[in-house]
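A.B. asks: Keeping the supplied structure of chain A fixed, place chain B upon it in accordance with the hints.
So the sequence lines, in the order shown, correspond to chains A and B.
Numbering-wise (the numbering used here), the first sequence opens with residue 1 and increments by one.
Numbering-wise (the numbering used here), the second sequence opens with residue 254 and increments by one.
Calculated directly from the structure, the hints in this document are not laboratory data.
A virtual CB, placed ideally from N, CA and C, is assigned to each residue, including glycine.
Okay, derived cross-link-like pairs now, BS3-like style, lysine-lysine, Cα gap no bigger than 30 Å in a straight line:
1. A:K242 - A:K24
2. B:K556 - A:K142
3. B:K551 - A:K142
4. A:K166 - B:K357
5. A:K201 - B:K283
6. B:K293 - B:K283
7. A:K166 - B:K358
8. B:K283 - B:K413
9. B:K413 - B:K358
10. A:K200 - A:K100
11. A:K123 - B:K556
12. A:K228 - A:K80
13. A:K80 - B:K556
Label-pair ranges, simulated between beta-carbon atoms:
14. B:Y527 - A:K251: 49 to 57 Å
15. B:N327 - A:T117: 48 to 56 Å
16. A:P204 - B:S510: 50 to 58 Å
17. A:D191 - B:E303: 44 to 52 Å
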Amino acid sequence: MNKANGANEINGVTRITKAFEGKKALIAYIIGGDPNIETTEELIIALANSGVDIIKIGIPFSDPSAEDLDAQSAHERALKNGCTTDSLFEMIKRVRETVKIPLLFVTYINPVFVYETDRFFDKCVECGIDGIIVPDIPFEEKDELTDVCSKTKVAQISSIALNSNKISERMENIARYAEGFIYCVSGMNIDASDMVSEIKKNSPVPCVVDWGMATTADGFVIGKEIIKLVGQYGRHSVDPVKEFVKEIAEKIK
Amino acid sequence: MSKESMANKLGRFGSFGGQYIPEALMNNLKELENAYLHYKSDPTFQKELELLFQNYAGRPSLLYFAKKMTDNLNGAKIYLKREDLNHTGSHKINNVLGQILLAKKMGKNRVIAETGAGQHGVATATVAALMDMECEVFMGKEDTERQALNVFRMKLLGAKVNPVTAGTMTLKDAVNETLREWVSRMDDTYYVLGSAVGPHPFPIMVRDFQGVISKEIKSQLMELEGKLPDAVVACVGGGSNAIGAFSEFVDDPSAKSVQLIGCEAGGLGSDTPYSAAAMTNGTVGIFHGMKSYFYQDKYGQIKPTHSISAGLDYPGIGPEHAYLSETGRATYVAVTDEEAVEAFFYLSQTEGIIPALESAHAVAHAIKIAPTMNKDQILVVNLSGRGDKDVASIARYKGENLNE
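Chain A extracted, bound-state conformation (with noise of 0.2 Å):
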């Protein structure tokens, strides 16, 4: 295969690549199936349309155990009104007819496990899903997925766990070997700047963090914020989202 070729394959990699070309990205949280498929379809509608760079959807689990309060009751309401991996496949095939930004799938590892993972991966290409975020897979168990990952060109996005001010050997390896882009994440409430241009130093791929953590990013998540939002107007959660990204979109443009 020669390289002119490569460069110029349409897929999940490359993709993700282009939402942060010459900007900052803007990458929007949902929680899929909150608080139904229909609701969530005209989120991400509704995203695309207000300067989102990527939309992250979070597959709802039964026991989202790396996530707040508000989160975990995002997952509990969207189970509790049906909502399945298949819906969300389903929903997502639509949706993908008129929206044309990267679509990530946040998951844990279980539900992608138990539905089969390379058949699991097949669907994500068949909607066209571009990247997957597992947080219960941590670089030692990358394997897991890497090549179902590689075969299918579905990006698998690493995360770094920012809690300690020093940079570790293991941050490092983790930043050297990201596809798509790093995923910076902190329990604590500190400016992150520096250790995030230290990473970047390293990393092939753009560094993103939560809106707020570091100035310093290629791209901010705005997630706690949207589920609250979700939580709070369910249905008509759209009008208000679309506000807020629009807001935070000024400021990064």
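C.D. replies: Relative to chain A, chain B alone:
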């Protein structure tokens, strides 16, 4: 053969086990793994632990010949491994002494733990008091109601008990909450995981600390009978008492003929939706840091479990058990609530020993298989805990209202 051969660097038992846990926890796990591997081969640590086992927990626990039960069932010779006689009333103290001693060596001054029936929480609160550690226990709200007495015991021992209202408000939700707490505060805090579950290194560490059970069974039986048992039966929730009762026989080539049997909570029947039998009714999944068997639906959503015993009311099983089942070294059966309650009364009235409802599951299976065995065969039942904590719920089950 060394036990390490059973689990590679990432803590795999065949394809089971692993470290499926958020990045934010990896530093904690690495710190723990390094510390454990260091102290595991440190003779001073092992000596200190042995002294605590002897002088504080009351080890070795008795291996009691249940003569009346043996005569009554008219089959195998039945021995009860009396973990119920340990300080705090169950096997849980073995693991907790090991882990909190390790925490102390690691320079931690605060321990957190999840608990189901409250046995592990009580053991943790007890040892935390002994070793001057701050202690917080997370317990599903439903369990705090089923086991109110144990909640008060923990408070009495100086621990803070946090009822968990997320999800099904039982053991799995308590694990989720304790993991969250560990992520948010790791510098001074050690997570004392109570069963042989979770990410590496917990399953091997818990097995090693509980392994004292099978070591004692082996040497005590050698002294009493001059031979190994024909079968060892233990109840399995996450599987810590069972792996402790099995481990010494798993690797020993001369113990190949020792049958190892784990008894899961069959609830209202393993063919109904109301059970907690992860191996009998579950499928392979990845949850709570490990690849193993889980009680779940076709989308990988963890299903609510049911068991009359809070300690077995957990939707998964430790990864080493999954492996032992796959290789055929151990077998796993489901025992219903009804059978467990029957066994609870049987042992109380036959031997004058009130077993924990969890352990009653193992007793129930022993009642089934002992008559099918020869009189020269030996069946060891691991009596993992005492039943005092269950008296009120048994009364409720029988429709009696106790004014405690």
